Amino acid sequence: MRTLRALGAAGAAVLLAATAATAAPSPPPAPKPLITDDAVDQAVARLDRTVADMMRRTGVPGVSVAVVHDDEVVHLKGFGLRNAGETAKVGPDTVFQIASLSKPVSSTVVAGTLTDPGEWDRHTALPGFSLKDPWVTDHVSTADLFSHRSGLPDHAGDLLEDLGYDQAYILDHLRMQPLTPFRASYAYTNFGLTAAAEAVARAEGTSWQKLNEDTLFKPAGMTRTSTEFSAFVNSPDHAATHVRNADGTWSARYVRDPDAQAPAGGVSSTARDLSRWLRLQLADGTLDGKRIIPADTLNRTRVPEIVAQADTPRGTPQFYGLGWNVSYDDAGRLRLSHSGAFALGANTNVTMLPLERLGIVVLTNGAPVGLADAVALDFLDFAEHGRATTDWLALAGASYEALDAQGRSPTDYARPPAGAKPARDSAAYTGTYDNPYYGKATVTADDDGALTLALGPKPLRFPLTHYDGDTFSFETTGENAVGRTGVTFADGTLRVEYLDADHLGTFTSP
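When the letters of the sequence shown are read in order and numbered with mature numbering (1 follows the signal peptide of the UniProt record, and there is no 0), they come out as residues -23 to -1, 1 to 487.
FYI, nobody ran anything at the bench for these hints, they're computed from the structure. Be careful, since some hints might not be right.
Computed list of lysine-lysine pairs in DSS-like fashion (alpha-carbon distance at most 30 Å, straight line) [stated by the list, open to error]:
(1) K54 to K195
(2) K435 to K187
(3) K195 to K109
(4) K54 to K398
(5) K195 to K9
Label pairs and their calculated CB-CB ranges [claimed, not checked]:
(6) S486 to A397: 21 to 27 Å
(7) V220 to R438: 20 to 26 Å
(8) M153 to P104: 44 to 50 Å
Being a predicted model, the structure only gives us computed values, none of them experimental. Note that the Cβ used here is the ideal one computed from N, Cα and C, for glycine as well.
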């Protein structure tokens, strides 16, 4: 393009005329498969040992794995326990919460409702749905929201979910979130994608769960897969979610109900069911000789829509498609992947090499310590190179630790400063405070003057610990907990630190 501009208008016309008189240049040849059947067999042969070793190193209670190659399920196995401390074992039909692995499943479903790839770009919205910029509201498409390029900030709406608000409230209040440049910035948003998926279901005249059943789950024979939390907990063979204790053991302490963001993180499934989905993906929408998803609308999900990470350890950018992480290796081969992570107790990964017709899915019932990602990366590394070129568990584990540290306060509230100022009388802080995004906050005091902050519709109650002057702290809870966070009172306002990343966390006394 730089050459054409330098030529000027007259020169460009001559060049274009000459080009038109000759045959169009041929595209570069497509990459060829590089992984042999024998290499896949060898990688599969060591997979059980790899899983066992990584479970030993991390203590994760249960894992289930499926590998598909050339339209065959070449490995399908469960490892460990459904619930730590009990005896029931994980099998290929054990139901796991798959967290954000739901996103490529959901984009498969949406692809199945479309007749043309261009329909991904149409404006389909729920009644009353809006964003802060009216122009963006009128133009945002299904593709924009499925690729996280709408301008919504990172994880917009997730903290409302933690406080107990339902899907309708959360989607309605996304209009208050500040926006970054439309279609020019990437920020991962569960509820942006959820808004798009629910709009597609409404346009089809059905619910999201029914759309999944009719479009994918039933046609593909995914009999134990659902988008509803009730189906997961009522399954007699389901894996409880676990978190790691300080002593390295694991406990099923929390329940994660993701119904509010079902399209983004609410799917539950099994390794067997997801092996069928992998076969469908690797066969461009067909399964057992039957066309289930149109190939062209499915392939659109694999096209880079936005740069997600410009600088990666391999030196090549990573993109995001429609529910997929999209990247290319040095040979030009497409790699599709997605991880799922519930801090309250699940970690999953799917990775596919479509050219090689090879894919792996890993489900675990432990909070993210990197095991699911590492098993997939190690397997594909061995299939491609005949060896593991790095310690993938150490690398993935460090990545999750870094992510966990990002949201934590720079202030150590467990250590008040020397010479900390005393708090005022509790009556100076008690009362009800309003916030147009987070709703009401109520501060009460007991007979001893100890303060409690109540947030959310239920509400959730957080005992406050004095830190310095008019600043207190409390221990956050929920999927997006960040340890201790600050609460500062000033001039009839209350600011909650961890709710204020997007400058929405100040509550005002009426």
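> So the hint says 44 to 50 Å: do the beta-carbon atoms of M153 and P104 match that?
Replying inline: Violated, at about 18 Å.
>> Tell me if the straight-line CA distance from K54 to K398 falls inside 30 Å.
In response: It is violated: about 59 Å lies between the C-alpha atoms, which goes past 30 Å.
> Does K195 pair with K109 here, judged by a C-alpha cut-off of 30 Å?
Replying inline: Not satisfied, since the Cα-Cα distance of roughly 39 Å exceeds 30 Å.
> For the pair V220 and R438, does the Cβ-Cβ distance stay inside 20 to 26 Å?
Replying inline: holds, 21 Å
> Is K54 within 30 Å of K195, Cα to Cα?
Replying inline: holds, 23 Å
>> Given the hint of 21 to 27 Å, is the C-beta distance from S486 to A397 inside that range or not?
In response: Holds: the Cβ-Cβ distance is about 24 Å, inside 21 to 27 Å.
>> Tell me if the straight-line CA distance from K435 to K187 falls inside 30 Å.
In response: Holds: K435 and K187 sit about 29 Å apart, inside 30 Å.
> Are K195 and K9 close enough, with their CA atoms no more than 30 Å apart?
Replying inline: violated, 34 Å
The structure does not agree with the numbered hints 3, 4, 5, 8 stated previously, though it agrees with the rest.
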